[in-house]
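Keeping their order, the protein sequence lines are chains A and B.
Position one of the first sequence corresponds to residue 137 (my numbering), numbered consecutively onward.
Position one of the second sequence corresponds to residue 907 (my numbering), numbered consecutively onward.
No lab work stands behind these hints: they were computed from the structure.
Glycine included, each C-beta is placed from N, C-alpha and C at the ideal position.
Be aware that a few hints might be false.
Partial chain B-side listing against chain A, Cβ under 7 Å, derived [unchecked claim]: (1) His992; (2) Pro995; (3) Gly997; (4) Pro998; (5) Val999; (6) Ser1036; (7) Thr1092; (8) Pro1093; (9) Asp1126; (10) Thr1150; (11) Val1152; (12) Ser1156; (13) Thr1163; (14) Tyr1178.
Per the computed footprint, the stretches of chain A lying under chain B, defined by three or more beta-carbons under 8 Å from a beta-carbon of chain B, are [said to hold, decoys possible]: (15) 212 to 224; (16) 227 to 234; (17) 251 to 261; (18) 277 to 289; (19) 379 to 392.
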Amino acid sequence: MTHVDRDDGENPRPRFDRLSPGVAAYLGMAVTEQTDGTGPLALLRGPFAAPAHVVGPDGLTPTGILAALIDSIGGMASGIAALPGWIVTTNLNVRRAPATLFGPDGRGPLQLDTEVLRRGRSAIVTRTSVTAEADGTPVATGWMTAAVLAPNGGPPDIPRPVRPVGFPPIDDPAFASDPTTFFALRDGRNPGEVALELLDRTRNPWGILHGGAMTVLADTAARSLVAGTPATQPTPDLAVADLNVHYLSPGRVGPVVAAARLVGARGPEHLVRVAVHDHGAGDRPLVVALATVRHRTGGAATVR
Amino acid sequence: MPDPTDERPLPPYPPARHAMRLLDVEIERDTDGDLRGWLAARPEIDRPSGGPRLGAVAVFVDALGGFRSISAAAPDWAFTADLSIHLLPTGPVDELVADVLVLRRGRRTLVVEVDLATDDGRPAGAATLSFAVVARPEHLVDVQFDESPQRHPLSPLAPDEPRPVDYLADLGVVSPAPGIATVALTPEVSNTVGALHGGMHTALVDEAAASLGRSLLGPDAETVDVHLAFLELGRSGPLRAEATPVGPPSPDGDRLTVEVRLVDADGRLCSYATTEVVHR
């Protein structure tokens, strides 16, 4: 959700009062608390409308976007559990149900349900299940870990029980564009490499690159490597079945560059390692991710 | 890894047929402190497609990651918070080779990456582990590790101890029904403070998920991936892992996504995992 330098002494004041729209507005998930708001832990539900410009013509929510949604709702549940502290996501993973990777099931609007599995002094673990809003078909499951910190200026003010935040109308056409445009992705030097410029809309309240942007980068780089095509090209026959992300440090400068490397193949799947660096900050490592890319047609696929 | 806040006296450790001793592991440390480890691919840890099964690899990786994190955290201490393991098909091999690198060393967290390969250099998988860094507890101040650089056995089985026929069965892991795996909390599966060993969490998860896969996919189903979060120490036995499918199998009927909850005898959720099970 929010990634600040938890270990190198930087603890900037967040800009929760900033109303400029960002990744949360783009995703448009209207999070609602299922509990009454009086306890320290919140059960949260987030309907995701799966607008066409985000999910594409086939209605499949990309795994990088799913991970961004899990980061957002899991971050909120973790942050509430951490009050009066706040949190940074340290790692997250999402694993898709194989029956909904391709084909008609699990398309369209989704519902995310998040619970806190562990609330410790220094770390919080949440689990999120993702189902199809229409019929409850399981789509994915994921969990994430967040580290507890004491933010300068205190935590954000979150009225309980949590109710959806209303975003004012946004004129910026980027908010009605596909993830490649919204996150300002561009092709790298070769398949498997993708770059991102930091923009105001992709920064979080701490002014650093939103964690969801990193998951979109990792997803895109992994599919591009396996497809053997430039990163911004569509890969309709590929889907990331599993994504595991470790956040190492925050992205502040940019361009941020993701580079994918093939680890190995497993039948119709490829295991891909993605390293994300902040090129403008001396190639500081930001993320290491492992992605399992599955081919639609089954059978052994080859990296081109 | 042991809970560093626990002040109880340490029993003799590890016992003669501990989960670590039943594996045939060797390690080597380079001048930077990074580790290489070898796991002999004995028949008792085979998976149906060949190569060591995930539960055994987890005990191996958890031990290597633990050693590396503790030296990286010094003078502080580190314990495992979560791990992810991805296995690739290798077919029959003689041993797995693991190279362990520290990706990040912060004040409060460590991230370790493990590259897995076969003895002839083919990729066998990858793992990542997160560790929480804490002040070294008083009762662990004098703990010493063999930090000699040359390759040497790690907690070997005594020569007069017979090798197990089946690794998990020897440790008391049973699957009474599809999707269920249980184990009594014995010294053989415990860590230094008497709670369930971290690697054994994953081994139980492996067996619970694989048994569900055998019932839904076929007899040669095997667990190939896991993401596991350690939540609480498993201090009361028997411990029970229960696997549930996330939707039906793939249309090809060759794979299944599973989530697994591991609880102790008091009903506490000790770990939570998601896995992928495949049938070839």
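Tested hints:
1. Hint status for B:His992 relative to chain A: holds, with the closest Cβ pair at about 5 Å, below 7 Å.
2. Interface restraint check: B:Pro995 against chain A, minimum CB-CB distance 6 Å, threshold 7 Å, status holds.
3. Given the 7 Å rule on beta carbons, the hint for B:Gly997 is violated: about 12 Å separates it from the nearest Cβ of chain A.
4. With a cut of 7 Å, the hint placing B:Pro998 at the interface with chain A is violated, because the nearest CB-to-CB distance is about 17 Å.
5. For B:Val999, the interface hint is violated, since its Cβ never comes within 7 Å of a Cβ in chain A; the closest pair sits about 14 Å apart.
6. Checking B:Ser1036 against chain A: minimum C-beta separation of about 6 Å stays under 7 Å; hint holds.
7. For B:Thr1092, the suggested interface contact is broken, since its CB lies about 26 Å from the closest CB of chain A, more than 7 Å.
8. Here the hint on B:Pro1093 is broken, as its CB sits about 26 Å from the closest CB of chain A, past 7 Å.
9. At about 13 Å, the closest approach between the beta carbon of B:Asp1126 and any beta carbon in chain A exceeds 7 Å, and the interface hint on this residue is violated.
10. Against a cut-off of 7 Å between C-beta atoms, the interface hint on B:Thr1150 is violated, since the closest Cβ of chain A lies about 10 Å away.
11. With a least beta-carbon distance of about 5 Å to chain A, the hint placing B:Val1152 at the interface is held under the 7 Å criterion.
12. Because the closest C-beta pair between B:Ser1156 and chain A is about 4 Å apart, less than 7 Å, the hint holds.
13. Look at B:Thr1163: its Cβ gets to within about 5 Å of chain A, closer than 7 Å, so that hint holds up.
14. Look at B:Tyr1178: its Cβ gets to within about 6 Å of chain A, closer than 7 Å, so that hint holds up.
15. For a cut-off of 8 Å, the count of residues in the segment 212 to 224 of chain A with a CB near a CB of chain B stands at 0, and the three-residue condition is violated.
16. With 6 residues bearing a CB less than 8 Å from a CB of chain B, the segment 227 to 234 of chain A meets the requirement of three and the coverage assertion stands.
17. With 5 residues bearing a CB less than 8 Å from a CB of chain B, the segment 251 to 261 of chain A meets the requirement of three and the coverage assertion stands.
18. As drawn, the segment 277 to 289 of chain A meets chain B at 5 residues by the rule of a beta-carbon pair under 8 Å; at three or more, the given contact holds.
19. Check on the segment 379 to 392 of chain A: 4 of its residues sit with their Cβ under 8 Å from a Cβ of chain B, so the three-residue criterion for coverage holds.
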